[in-house]
Amino acid sequence: MDLSNVMQPGDRASDPDWEMGLRLLAVQRRRRLAFAVRLAAVWLALVAALAFVLLQLNVDPLYAVDHSAFVLQGVLTTIGVSMASISVATVLALLGALGKLSRSSIAQGIAGFYVSLIRGTPLLIQIYLIYLGLPQIGQQFANRGMPGIGGMLTLNAIQSGILALSVNYGAYMTEIFRAGIQSIGHGQREAAKSIGMGEWHILRRVILPQAVRVIIPDIGNQFIAMQKDSSLVSIMGIWEITYRANRLARKDIKFMEMFLLAAAIYWFMTIVSSWAEGWLERRLSHAYER
Amino acid sequence: MPTNDSKPIVQVENLHKWFDLLHVLRGVSFTVDPQEVLVLIGRSGSGKSTLLRCLNMLEEPSAGSITIGPVSVRVEPGKHVDRRQATAIRLQTGMVFQEFNLFPHMTALQNVIEGLVTVKKLPREEAAAIGEKYLDKVGLLPKRDVHPVRLSGGQKQRVAIARSLAMEPKVLLFDEPTSALDPELIGEVLDVMRRLALEGTTMMVVTHEMSFASDVADRVLYLDHGVIVEQGPPTQILKSPQDERTAVFLRSFLESRGD
Numbered sequence: 001m002d003l004s005n006v007m008q009p010g011d012r013a014s015d016p017d018w019e020m021g022l023r024l025l026a027v028q029r030r031r032r033l034a035f036a037v038r039l040a041a042v043w044l045a046l047v048a049a050l051a052f053v054l055l056q057l058n059v060d061p062l063y064a065v066d067h068s069a070f071v072l073q074g075v076l077t078t079i080g081v082s083m084a085s086i087s088v089a090t091v092l093a094l095l096g097a098l099g100k101l102s103r104s105s106i107a108q109g110i111a112g113f114y115v116s117l118i119r120g121t122p123l124l125i126q127i128y129l130i131y132l133g134l135p136q137i138g139q140q141f142a143n144r145g146m147p148g149i150g151g152m153l154t155l156n157a158i159q160s161g162i163l164a165l166s167v168n169y170g171a172y173m174t175e176i177f178r179a180g181i182q183s184i185g186h187g188q189r190e191a192a193k194s195i196g197m198g199e200w201h202i203l204r205r206v207i208l209p210q211a212v213r214v215i216i217p218d219i220g221n222q223f224i225a226m227q228k229d230s231s232l233v234s235i236m237g238i239w240e241i242t243y244r245a246n247r248l249a250r251k252d253i254k255f256m257e258m259f260l261l262a263a264a265i266y267w268f269m270t271i272v273s274s275w276a277e278g279w280l281e282r283r284l285s286h287a288y289e290r
Numbered sequence: 001m002p003t004n005d006s007k008p009i010v011q012v013e014n015l016h017k018w019f020d021l022l023h024v025l026r027g028v029s030f031t032v033d034p035q036e037v038l039v040l041i042g043r044s045g046s047g048k049s050t051l052l053r054c055l056n057m058l059e060e061p062s063a064g065s066i067t068i069g070p071v072s073v074r075v076e077p078g079k080h081v082d083r084r085q086a087t088a089i090r091l092q093t094g095m096v097f098q099e100f101n102l103f104p105h106m107t108a109l110q111n112v113i114e115g116l117v118t119v120k121k122l123p124r125e126e127a128a129a130i131g132e133k134y135l136d137k138v139g140l141l142p143k144r145d146v147h148p149v150r151l152s153g154g155q156k157q158r159v160a161i162a163r164s165l166a167m168e169p170k171v172l173l174f175d176e177p178t179s180a181l182d183p184e185l186i187g188e189v190l191d192v193m194r195r196l197a198l199e200g201t202t203m204m205v206v207t208h209e210m211s212f213a214s215d216v217a218d219r220v221l222y223l224d225h226g227v228i229v230e231q232g233p234p235t236q237i238l239k240s241p242q243d244e245r246t247a248v249f250l251r252s253f254l255e256s257r258g259d
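So the protein sequences, as listed, match chains U and W. For the first sequence, our numbering begins at 1 and goes up steadily by one. For the second sequence, our numbering begins at 1 and goes up steadily by one.
The set of hints was computed from the structure by calculation and includes no laboratory data. Each residue gets a CB set at the ideal place from its N, CA and C atoms; glycine is no exception. Honestly, I wouldn't trust all of these hints.
To be verified - Calculated lysine-lysine pairs in the DSS-like style (CA-CA distance at most 30 Å, straight line):
{"no.": "1", "chain 1": "W", "residue 1": "K170", "chain 2": "U", "residue 2": "K193"}
{"no.": "2", "chain 1": "U", "residue 1": "K193", "chain 2": "W", "residue 2": "K133"}
{"no.": "3", "chain 1": "W", "residue 1": "K133", "chain 2": "U", "residue 2": "K100"}
{"no.": "4", "chain 1": "U", "residue 1": "K193", "chain 2": "W", "residue 2": "K121"}
{"no.": "5", "chain 1": "U", "residue 1": "K254", "chain 2": "W", "residue 2": "K79"}
{"no.": "6", "chain 1": "U", "residue 1": "K193", "chain 2": "W", "residue 2": "K239"}
{"no.": "7", "chain 1": "W", "residue 1": "K120", "chain 2": "U", "residue 2": "K193"}
{"no.": "8", "chain 1": "W", "residue 1": "K79", "chain 2": "U", "residue 2": "K100"}
{"no.": "9", "chain 1": "W", "residue 1": "K170", "chain 2": "W", "residue 2": "K120"}
{"no.": "10", "chain 1": "W", "residue 1": "K133", "chain 2": "U", "residue 2": "K254"}
{"no.": "11", "chain 1": "W", "residue 1": "K143", "chain 2": "W", "residue 2": "K170"}
As the list claims (entries may be wrong) - Label-pair ranges, simulated between beta-carbon atoms:
{"no.": "12", "chain 1": "U", "residue 1": "P16", "chain 2": "W", "residue 2": "K133", "range": "27 to 35 Å"}
{"no.": "13", "chain 1": "U", "residue 1": "T121", "chain 2": "W", "residue 2": "D182", "range": "50 to 58 Å"}
{"no.": "14", "chain 1": "U", "residue 1": "T121", "chain 2": "W", "residue 2": "K133", "range": "57 to 65 Å"}
{"no.": "15", "chain 1": "U", "residue 1": "L101", "chain 2": "W", "residue 2": "V149", "range": "22 to 30 Å"}
{"no.": "16", "chain 1": "U", "residue 1": "R38", "chain 2": "W", "residue 2": "R124", "range": "50 to 58 Å"}
Please model the entire structure based on the sequences and the hints provided.
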C-alpha cells in the first residue's frame, strides 16, 4: 500500500488549519534561533572573561603573536606523528579485537595480555622504554655479534614516538573495535553464512563496513586525544608544538604566553578534527537515511 | 507436484540437537522430493526453526545425517562439523529469515549479488545481470539501487528472497518469513512464495500462515517437542489430524487467531 499521498507534508488545499500550522512552525523556528544566539553569547562571554583575566595578570599577548610562526612550524610534525600513529594503532586495534573475539586460546591470550599490559602502564613510561630502554637491549645483541638486531632496536625520536603512541592507542582502540564488531547483529553473520560466505569475506564485506560506521565517533575521539598526547614526544626533542613553545618560554621566561599559545593551537586542531569526524560520520550514514 | 518415483533432494536421518541439556530435536527423519513444498508447523519451542537452521548448519547438529543434493554430512556426537562441509551444504540451501537480515550498507542489487561476487567469484557485470533477473522475479527491479532502510518490510523480505534465489540453491528454507511483517504487507511476500512454488522451487517453510499451508503445501509436518508427530497432505493434517497433539495445537491456534 502506498501511503505517500496521505502522508504528504504541507497539504495546503485539504487542510483547513493550514494557517495555524504555519504560525506554530514560525514560533518553533524563532525559539531555536533564539537558543542558538544565547548559546553563542555564553561562549563569547567565557572567551572574553578568560582574555580579561589573562590581560590583568600581565600576560604579554604580543610576545605570543610575534613568536607564533615559530611554534606553528611544529603543527605539521604534530599532525604527521598523530596521523601515522592513529593509522598503525587502527591496524593494531583491529588485530587486537579479532584476537579477543577469536576462538583460538593463543590469539585470545595474546590480545588480552597486550591490552592489559599497555592500558595498565603510563604512556610516558612506554615512551622511555622504547626510546631509551630498547637501545640498551640492542647493545646486548650488537655485543654478541648481531648488529642488525641491535640497529633495529635503536629507534630515533620520531620512530619511538610513533611506535609508543601506536601501541598505546592500539590497546585502547582494541576495546572500541571489539565493541563495534559485537554491536552488529548476529543475523548479519547468519545471512552471510547462509549464502556461503567464508569468515574473511563476512568480516571484510559485511561486519567491518557496518562496525566502522558505529565506531567512527570513538575513533575520532581517540584521534583528538592522541593529538594532545603527542605533546609527550617533546621530551625526546622532537620539534613539534610543545617542544617549540617550551624552548622559547624558557629562553625569554614567557611561560604563560607560550604555553597558552600552544594550548590554543591544540584546541584549534581538535576543533578542526571534530568537524572532520562529523563530516565523515554523515558521509558513512548516507545508506541509512530514509 | 512431486512425482513418486523421483529421488529425494533432502534426506534427514535421526537428527538430534541439544542446547546444553535441552534436547530440542529428538531423532528427526524425513525426506523432501524435488519441487515439493513442505510446511512445518508446531508450537514455539517445538524445534521447527532449529530443524531448519540445522539443515544449513547455522546450528551445528549434535548427531544424525543430512543429505542435500550431492552433499552428505554425517555428524558424530561430540565432533564438530568440518567447516568446508558446512559451506558445501550451505551452498545447496537458501535461507530466508524472519528478520530479513539484509545488509544495510548495500543497495538491493548489491545484496542480491554479494554471494555471486564473493562466493561464486562471478564477474560483476554477469552477477549484476543475474541479480536483476531475480529482483525482477520478486517485482523489485525498480528498487535495485535503493538501500534497505528505504524499503518496506515486505519489500525487504522480497529482496531477501531474491538474494537466496540468486545463489540457485537446491532447496529454499523459510524461517517464519512473514512473522515480522505488518499484516498488510504479508500478502506480497506470500504471493512471491506461491509463485516460486508454482515454478517448481523446492521449499521448506516454517510458518503460522495456515491458509498458505493449505493452499501451497504438498505436505504438512507437525513437530512437537522435537519429534515429527504427524505428516501428510494439508487437507488431512489441517482438517482431520489423526494425532491428539496436532488437533489440540490447531484448535488452540485457530481460537487465538479468532478465525
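Do the hints match the structure? See the list:
1. The hinted pair formed by W/K170 and U/K193 meets the criterion: a straight-line CA distance of about 16 Å does not exceed 30 Å.
2. Taken as a hint, the U/K193 and W/K133 pair is honoured in the structure, with Cα atoms around 23 Å apart against an allowance of 30 Å.
3. Proximity of W/K133 to U/K100 is assessed by CA-CA distance (about 42 Å); at most 30 Å being required, the pair is judged violated.
4. With a CA separation close to 16 Å, the supplied pair U/K193 and W/K121 stays within the 30 Å bound.
5. Proposed proximity of U/K254 and W/K79 is contradicted: the alpha carbons are some 73 Å apart, above 30 Å.
6. A hinted pair counts as satisfied when its Cα atoms are at most 30 Å apart, and U/K193 with W/K239 does not qualify at roughly 38 Å.
7. Among the hinted pairs, W/K120 with U/K193 is consistent with the structure: their alpha-carbon atoms are about 14 Å apart, no more than 30 Å.
8. Restraint check for W/K79 and U/K100: satisfied, since their Cα atoms lie roughly 24 Å apart, inside the 30 Å limit.
9. This hinted pair checks out: W/K170 and W/K120 have alpha carbons roughly 15 Å apart, not beyond 30 Å.
10. Of the pairs offered as hints, the one joining W/K133 and U/K254 is violated, with about 74 Å between alpha carbons and a cut-off of 30 Å exceeded.
11. At roughly 27 Å between alpha-carbon atoms, W/K143 and W/K170 fall within 30 Å of each other, so this suggested pair holds.
12. In this structure the hint that U/P16 and W/K133 lie 27 to 35 Å apart at CB is violated, the actual value being about 50 Å.
13. Between U/T121 and W/D182 the CB atoms are about 55 Å apart, so this pair conforms to the stated range of 50 to 58 Å.
14. For U/T121 and W/K133, the hinted distance range of 57 to 65 Å is satisfied, since their beta carbons lie about 59 Å from each other.
15. Roughly 27 Å separates the CB atoms of U/L101 and W/V149, a value that falls within the hinted 22 to 30 Å.
16. Hint check: U/R38 to W/R124, Cβ distance near 54 Å, so the stated range 50 to 58 Å holds.
Comparing the model with each numbered hint stated earlier shows that hints 3, 5, 6, 10, 12 do not hold.
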